[in-house]
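Each chain, written out:
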Amino acid sequence: MTPFWLQKFNSRLGLFRFQSVESIENESVFLNFTFTYAEKLFRWLVLFWLIYQLGIYISLSTRPVELFIPMNWISRLVMPTFPASGIYIGIVLLAAICNIISMFGRGNIATKSMLAISVWYLNILTWSYGHFSHSGHLFVLTNLFLVFVPAERKGSNLADRAGAIRWMYIGLMVTYSMAGFWKMLGLIARFTVSREGISWLNPDAALYNAVSGFRSWDLPLDNWMIHLFTIPYIWPVLVAAIFFIQLISVLVTIRIPLFYWIGFSTVAFHIFNTVFMKIEFILAPLILLILFFPYHLLLGSLYRLQLNPVREYTYSGNGLTAMYIRQYNNQKDVYTGFYALRERYLDEKKWFAGWFYLPGLSILVSLVWKLFGQKNKETSVEISLLKQFVNNQQVKG
Amino acid sequence: MKYLVGISIILSMVSWYTARIGLGELYPFFYYKLYSQPSASKGFDENLRVYTMQNTILTRKPMEDIHSFSKDDIMYSLSYHVQDTLQGKQKLAQLLHYLYPDQGPYWIYKETFSIKEILKNAERYDTILVAKIQ
Numbered sequence: 010m011t012p013f014w015l016q017k018f019n020s021r022l023g024l025f026r027f028q029s030v031e032s033i034e035n036e037s038v039f040l041n042f043t044f045t046y047a048e049k050l051f052r053w054l055v056l057f058w059l060i061y062q063l064g065i066y067i068s069l070s071t072r073p074v075e076l077f078i079p080m081n082w083i084s085r086l087v088m089p090t091f092p093a094s095g096i097y098i099g100i101v102l103l104a105a106i107c108n109i110i111s112m113f114g115r116g117n118i119a120t121k122s123m124l125a126i127s128v129w130y131l132n133i134l135t136w137s138y139g140h141f142s143h144s145g146h147l148f149v150l151t152n153l154f155l156v157f158v159p160a161e162r163k164g165s166n167l168a169d170r171a172g173a174i175r176w177m178y179i180g181l182m183v184t185y186s187m188a189g190f191w192k193m194l195g196l197i198a199r200f201t202v203s204r205e206g207i208s209w210l211n212p213d214a215a216l217y218n219a220v221s222g223f224r225s226w227d228l229p230l231d232n233w234m235i236h237l238f239t240i241p242y243i244w245p246v247l248v249a250a251i252f253f254i255q256l257i258s259v260l261v262t263i264r265i266p267l268f269y270w271i272g273f274s275t276v277a278f279h280i281f282n283t284v285f286m287k288i289e290f291i292l293a294p295l296i297l298l299i300l301f302f303p304y305h306l307l308l309g310s311l312y313r314l315q316l317n318p319v320r321e322y323t324y325s326g327n328g329l330t331a332m333y334i335r336q337y338n339n340q341k342d343v344y345t346g347f348y349a350l351r352e353r354y355l356d357e358k359k360w361f362a363g364w365f366y367l368p369g370l371s372i373l374v375s376l377v378w379k380l381f382g383q384k385n386k387e388t389s390v391e392i393s394l395l396k397q398f399v400n401n402q403q404v405k406g
Numbered sequence: 013m014k015y016l017v018g019i020s021i022i023l024s025m026v027s028w029y030t031a032r033i034g035l036g037e038l039y040p041f042f043y044y045k046l047y048s049q050p051s052a053s054k055g056f057d058e059n060l061r062v063y064t065m066q067n068t069i070l071t072r073k074p075m076e077d078i079h080s081f082s083k084d085d086i087m088y089s090l091s092y093h094v095q096d097t098l099q100g101k102q103k104l105a106q107l108l109h110y111l112y113p114d115q116g117p118y119w120i121y122k123e124t125f126s127i128k129e130i131l132k133n134a135e136r137y138d139t140i141l142v143a144k145i146q
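Taken in sequence, the protein lines are chains C and P.
Here the working numbering runs 9 ahead of the position in the first sequence, where the first position is 1.
Here the working numbering runs 12 ahead of the position in the second sequence, where the first position is 1.
A hint or two may mislead.
[Claimed, not checked] The calculated lysine-lysine pairs, modelled on BS3-like cross-linking and capped at a C-alpha distance of 30 Å, are:
hint	chain 1	residue 1	chain 2	residue 2
1	C	K49	P	K14
2	P	K83	C	K287
3	P	K54	P	K73
4	P	K83	P	K101
5	P	K14	P	K54
6	P	K14	C	K287
7	C	K358	P	K83
8	P	K101	C	K287
9	P	K83	P	K144
10	P	K14	P	K73
11	P	K54	P	K122
12	P	K101	P	K73
13	P	K128	C	K287
14	C	K358	C	K341
15	C	K341	C	K163
16	C	K287	P	K132
17	C	K17	C	K163
18	P	K83	P	K73
19	P	K83	C	K163
20	C	K17	C	K49
21	P	K122	C	K287
Don't read these hints as lab results, they were simulated from the structure.
Note that the coordinates shown come from a computational prediction; the quantities given were computed from them, not determined experimentally.
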């Protein structure tokens, strides 16, 4: 709920919104629909990953045993030496069985916990040879969070499941926000306390990073790549953009219109790094692609069947006095001012509409409208009328 | 679920703190501090490379995937063992005999170079001997 003081402040800026029960249900439908298919595909990914781990085990077993070094206290505890084949294969099998149970929609907290713990255990093997990589973390973390999203069953509560899904996406994407936070801090540091060296906003930064990455693999940078990296202005802008997107990744399901922007930018970011920087992340972009694939576009008719249909859209006024109404079978969504504009753009499928949902933007734009636009004293009066209307609707509903 | 996400974030922060005070990382999910500055931001970079004697000529081993070691594995293993002052030499010997059997002794050089120079000519780097492994 929006706190009262903010409501009061918002009403002065012509900002008022009322989301109907039907509209909230539609959000739950979206999250459930997307996740249901994402989980199906993810289970297949887990199965292939488990088979792949057997290959890794065989490959790593050829290394001298002395090179096996547990890297932290947890690995020292659970995998102090190279694991015996019986144990390792046993755990792969256990994980595979738990995963297959989930594939048939019969998973519960016990089987999914066992799978998550097994995946985490199996993952330790690769990273017991002198270095950790971050590339396996998203996979382990996804398995962990999946434990707490209940399987879809007949009569299960849609809203509860949607709530768990919402938090799962937040939990996964907050890792990118943390990465973005450090990069932002690094940027500030470079302009203040540690001025030695170029910052990420320097036009050469991407080139330097790429040369360093390629050289570490003894690969030459192709001429066309050098040309690409020396195009003026574009790199600082791209770098700033991706820092920003990383930083706001946590908003993924808090502001659903940003869902695909965040998902696909992050996938693009990983693919770019793998190809152009030799910073290889394979599993992470695959997982993100599965989690963020627009299944509702592919299976449109199936999706629309589950939605509460909108009977009518009406938009009136403009700027601070704009009003947008979505009429469902029973209730209405009502938005005014900047909220009305962005909801309308979203429904009209304007490509940039998602960005209008950045936190704080509505207040900023409304302030600008208020200060420089036409003065309209009726705004707050209308809103008080609207509130009455919505209250009546709630009583009836 | 809410609480799980909260715990995860808190553990990441604790992990940052424990790593800072030298206790290592408490939480296996790290704290996601990657590339907070561009690589080679000072215009210079360095890599470790293995050299062996072939027909009385010191020959550089190019970076490539060997057996179960990817390029990254080799890169990180070399730098990990080189920094290990206690057992590093012994581990390096085991690693190098596995990667390049019957080619000992091995020399590990640190190659330092300027980013701008290496772009023009891949051979323009300086070498500093780091270790000789029998």
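Right, here's what the structure says about each hint:
1. With a C-alpha separation of about 23 Å, the suggested pairing of K49(C) with K14(P) holds against the 30 Å cut-off.
2. Taking the CA atoms of K83(P) and K287(C), the gap is near 11 Å; set against the 30 Å cutoff, the hint holds.
3. The hinted pair formed by K54(P) and K73(P) meets the criterion: a straight-line CA distance of about 27 Å does not exceed 30 Å.
4. A hinted pair counts as satisfied when its Cα atoms are at most 30 Å apart, and K83(P) with K101(P) qualifies at roughly 20 Å.
5. Between K14(P) and K54(P), the direct Cα distance comes to roughly 42 Å. Violation of the 30 Å bound is thereby established for this hinted pair.
6. Note on K14(P) and K287(C): the hinted pairing is violated, with a Cα-Cα distance of about 35 Å set against a maximum of 30 Å.
7. Pair hint K358(C) plus K83(P) does not hold up; C-alpha atoms about 45 Å apart against a cutoff of 30 Å.
8. Under the criterion of a C-alpha separation no larger than 30 Å, the hint pairing K101(P) with K287(C) is consistent with the structure, at around 29 Å.
9. With a CA separation close to 21 Å, the supplied pair K83(P) and K144(P) stays within the 30 Å bound.
10. Our distance criterion of 30 Å between C-alpha atoms is broken by K14(P) and K73(P), whose separation comes to about 51 Å.
11. Between the alpha carbons of K54(P) and K122(P) the distance comes to roughly 17 Å, so the proposed pair stays at or under 30 Å and holds.
12. Distance hint between K101(P) and K73(P) is fulfilled; the C-alpha atoms sit about 19 Å from each other, no more than 30 Å.
13. Using a Cα cut-off of 30 Å, the hinted pair K128(P) and K287(C) holds, with the two alpha carbons roughly 19 Å apart.
14. With a C-alpha separation of about 20 Å, the suggested pairing of K358(C) with K341(C) holds against the 30 Å cut-off.
15. At roughly 28 Å between alpha-carbon atoms, K341(C) and K163(C) fall within 30 Å of each other, so this suggested pair holds.
16. For the hint linking K287(C) to K132(P), the alpha-carbon distance of about 20 Å falls within 30 Å, and the restraint holds.
17. At roughly 42 Å between alpha-carbon atoms, K17(C) and K163(C) are farther apart than 30 Å, so this suggested pair is violated.
18. For the suggested pair K83(P) and K73(P), the alpha carbons sit about 12 Å apart, so the restraint of at most 30 Å is met.
19. Taking the CA atoms of K83(P) and K163(C), the gap is near 50 Å; set against the 30 Å cutoff, the hint is violated.
20. The straight-line distance between the Cα atoms of K17(C) and K49(C) is roughly 45 Å, outside the 30 Å bound, and the hint therefore fails.
21. Simply put, K122(P) and K287(C) have alpha-carbon atoms about 20 Å apart, close enough for the 30 Å limit, and the pair holds.
Of the numbered hints given earlier, the model fails hints 5, 6, 7, 10, 17, 19 and 20; all others are met.
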